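Peer 1: In case you want the letters, here they are:
Protein chains: 2
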Amino acid sequence: MPNHAMGSDPRTVPGSDPNQRPNQRIGVLISGRGSNLQAIIDAVRAGRITADLAVVISNNPEAPGLAKAREAEIETLVLDHRGKAREDYDRILVAELKKRGVTLVCLAGFMRLLSPVFVDAFQNAILNIHPSLLPSFPGTNAQYQAWQHGVKWTGVTVHLVSAELDGGPIVAQVPVPVNEDDDADALAARILEKEHELYPMAIQFVLGHQWRLEGRRVVRK
Amino acid sequence: MPNHAMGSDPRTVPGSDPNQRPNQRIGVLISGRGSNLQAIIDAVRAGRITADLAVVISNNPEAPGLAKAREAEIETLVLDHRGKAREDYDRILVAELKKRGVTLVCLAGFMRLLSPVFVDAFQNAILNIHPSLLPSFPGTNAQYQAWQHGVKWTGVTVHLVSAELDGGPIVAQVPVPVNEDDDADALAARILEKEHELYPMAIQFVLGHQWRLEGRRVVRK
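Chains as they are written, first to last, in the numbering used here: chain R, 16 to 236; chain C, 16 to 236.
Note that these hints are calculated values from the structure, not bench results.
None of these values were measured; they are calculated from a predicted model.
Keep in mind that a hint or two might mislead.
Copies of the same chain look alike in the list, so a pair counts if it works inside one copy or between any two.
[What the hints assert, rightly or not] Restricting the straight-line Cα-Cα distance to at most 25 Å, the calculated cross-link-like pairs of lysine to any residue (SDA-like) are: (1) K236 x E77; (2) K114 x M126; (3) K114 x R85; (4) K236 x D198; (5) K114 x I206; (6) K114 x D197.
For reference, chain R alone in the conformation it holds in the complex (with noise of 0.2 Å):
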């Protein structure tokens, strides 16, 4: 795998200079603010993902994600699900994405459930991050259901992404402890910062494909 060390310049961000651009493509798909899409920019932009970031695509057009997206000079692109059965919108961003060459899809607090017809178009090429460790706490609010539950330990799970709700195989995961004086918010603000560190790793060691599936255990080959 090539492994172009970009540094900090704005100007070799990935897309900016065809000459270095690497072979793997990422997509990234969000429905929010974003903030594992910043940490992403900022692995590419440090070399720590060795990726082009080929396009930053929203579900919602007021996601405040964009803006990082376009302040990073990545392509932006809003396909508003509204009104498109859940197929019909997912061959939509199949097509744009495969367009521009996309190897790999992050999701980044992508709100909809994707369907076969988006997951078999790229196998074992999606990867979404989870704000517990899973297989427990599945679906929205990890955190709070995690915190409510009474755990002395959570955390973070990057998965593949299956058919399943948050149940693909695991890629990498981070235990995060429940502090005494935790509210929830308290938790999932120091569940963030363990995302930001834990996504690009594991990107990295995807794109690397020094890995396989054994049943649904991803092991190093």
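Position chain C relative to chain R; hints supplied.
Peer 2: Positioned in the frame of chain R, the structure of chain C alone reads:
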């Protein structure tokens, strides 16, 4: 709470000297090897648990853990469950424990579901240890379930026992990494070491009564 540092002199094993007996009395329920029972015995001897071991009860006459209890001069009792309805069996268990003044029941590989008869008789005074980070992987073979699921972290949970299997409020947890070269047995062995550390600590915490329930969260007073 009285704090009797009992040392490792076998003559000071709880129960052997009524004048030094703390107020709290533990009953341990086993079905098998009783490795967590041994950890509890060791912790009582070392003064890390300040309570008497009143009785060890097994539903299985062949449980190797019974020998561990006898060796430590703790009363043992075999209550065979076969041929008894669950609630009838639980009534007998409760009667035997109450007769001995047991204030805290510790399950240590006790392979029976407890009915409300039992759970209601020892409200918030039954502990269980489970080899996963609950709520992930309840039920049997939790270590294998975790390994097969491909999690990167699993762990150990000590929880108060409710009528729901492995579902009561969580007292203590510790994460355990799944290593790249682990098979399920290697993972189970690493988890077991942590069980032996965590269970005595959690028992002593519960005995101290410096906690309360908020919803299902166990929080310090």
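Peer 1: The structure should be examined with respect to each hint, and the outcome stated for every one.
Peer 2: To see whether the hints hold, each was checked on the structure:
no.	hint	result
1	K236 x E77	neither (42 Å within a copy, 44 Å between copies)
2	K114 x M126	within (23 Å within a copy, 57 Å between copies)
3	K114 x R85	within (20 Å within a copy, 73 Å between copies)
4	K236 x D198	between (41 Å within a copy, 16 Å between copies)
5	K114 x I206	neither (35 Å within a copy, 48 Å between copies)
6	K114 x D197	neither (45 Å within a copy, 41 Å between copies)
Of the numbered hints listed earlier, those contradicted by the structure are 1, 5 and 6.
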